[in-house]
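Novice: The listed protein sequences derive, respectively, from chains A and B.
Numbered according to our numbering, the first sequence terminates at residue 940, and the numbering increases by one at each position without gaps.
Numbered according to our numbering, the second sequence terminates at residue 121, and the numbering increases by one at each position without gaps.
No lab work stands behind these hints, which were simulated from the structure alone.
Note that beta-carbon positions come from the ideal geometry of N, C-alpha and C, so glycine has one too.
Misleading hints may appear alongside valid ones.
[What the hints assert, rightly or not] Listed next, the stretches of chain B that the computed footprint assigns to chain A, with coverage defined by at least 3 CB atoms under 8 Å from CB atoms of chain A: (1) 54–67; (2) 109–121.
[Stated by the list, open to error] Below, in silico cross-link-like pairs of lysine-lysine (DSS-like), each with a Cα-Cα straight-line distance of 25 Å or less: (3) K65/B to K76/B; (4) K51/B to K120/B; (5) K882/A to K11/B; (6) K11/B to K76/B; (7) K896/A to K882/A; (8) K51/B to K836/A.
Here is what each chain is made of, one letter per residue.
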Amino acid sequence: DTGVSQNPRHKITKRGQNVTFRCDPISEHNRLYWYRQTLGQGPEFLTYFQNEAQLEKSRLLSDRFSAERPKGSFSTLEIQRTEQGDSAMYLCASETGTGGLNTQYFGPGTRLTVL
Amino acid sequence: QKEVEQDPGPLSVPEGAIVSLNCTYSNSAFQYFMWYRQYSRKGPELLMYTYSSGNKEDGRFTAQVDKSSKYISLFIRDSQPSDSATYLCAMRTRNQGGKLIFGQGTELSVKP
Chain A
826 DTGVSQNPRH KITKRGQNVT FRCDPISEHN RLYWYRQTLG QGPEFLTYFQ
876 NEAQLEKSRL LSDRFSAERP KGSFSTLEIQ RTEQGDSAMY LCASETGTGG
926 LNTQYFGPGT RLTVL
Chain B
10 QKEVEQDPGP LSVPEGAIVS LNCTYSNSAF QYFMWYRQYS RKGPELLMYT
60 YSSGNKEDGR FTAQVDKSSK YISLFIRDSQ PSDSATYLCA MRTRNQGGKL
110 IFGQGTELSV KP
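This is chain B alone, in the form it adopts within the complex (with noise of 0.2 Å):
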């Protein structure tokens, strides 16, 4: 089983819809928690970056962790035909070298 585990979708929305994308993990030492955007044939750009339970916001974005539950999500509100990428979710433990354990990716197409 793998330590995160991701809907690899293809998930496929209208304009203005509300997306949410969801990891699980398995590892409870992960601290840090983070969602990515890749664009095709781009590397990862960050989206957000949270540490603590609860939900963080950032413009149209909210990046929502539950501990206890071991399972983070992201959501797009009014989302965009530019939204369209494929979202990384990715943890980290406080230590071991700080390296990134990644989910699958979830693929999103927001359709005009």
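Bound-form chain A, shown alone (with noise of 0.2 Å):
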């Protein structure tokens, strides 16, 4: 059990450009989250996965964003057109099961610098 993982943990970019992160869960854990955490507040959510069903998407999640789960496995991130407010830590998590009493384990997060 190697953790979720994160890639790339920073990322700086000019406003406009597209950006994709992404997130390795721990293997065989059904359900992954993304969540954003801007500076001193704590994380939100965006969106999940069961599998390779993205089941529920935040209205924090505007046109630009789009995240995506192949397989069930990996997830991946996009924002296009980059805006200056979207400079804030995105954080990747995974679980087993169906919610409820499972926990949520967390990634390092991929921290994104919109210039």
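Assembling the complex is the task here: the two chains are given apart, and the hints tell you how they should meet.
Specialist: Spelled out as structure tokens, the structure:
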């Protein structure tokens, strides 16, 4: 068990560029979540997958954001036409089961800076 | 109004002190309550997980839930400098896809 991994750890981009982040969950965890955390705030839910199906998207997830989880393994989060307000830490978490008493394990996050 | 409110601090205590961290919530559908610890520039790690009113103890940490008052607490006994971090309360309903709703986080500093 190597934990949840995220790449890259840091990304600096210019406004208007597209960026893509990758999350590799703990092996055999069927649920995968994306959260966004800004400085001084707690993480905010963006979207989650059960296996390859995207089951819920937050209203925070504008049309510029898209997430995929092909084959129910790793996931990618893409932001198109980045804006300065997109600067944040993007966290991925995974868990087994269907919620409730199950534990979400977080990755180290990808820190995005939009100039 | 946010669903989960947490005093952001910062909180500074001397080594060995008892620390009390608190969250209030408004959604009575929350059934599961967690405390995460987050070191600077790292992802959150789970400290405590409870689902019923009352106390749960794990070493120097005690989690307390009062569903009637919609109030949860985390107590840290004999605090150590290594406890210096941001503490996040989180909660989830029985359904709603399992997403976690977090408080703002309390930044704790334990001085040697």
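Novice: Confirm or reject each hint.
Specialist: Hints, one by one, checked against the model:
no.: 1; hint: 54–67; verdict: holds (count 4)
no.: 2; hint: 109–121; verdict: holds (count 6)
no.: 3; hint: K65/B to K76/B; verdict: 14 Å, holds
no.: 4; hint: K51/B to K120/B; verdict: 21 Å, holds
no.: 5; hint: K882/A to K11/B; verdict: 19 Å, holds
no.: 6; hint: K11/B to K76/B; verdict: 17 Å, holds
no.: 7; hint: K896/A to K882/A; verdict: 19 Å, holds
no.: 8; hint: K51/B to K836/A; verdict: 15 Å, holds
The structure meets every hint from the earlier list without exception.
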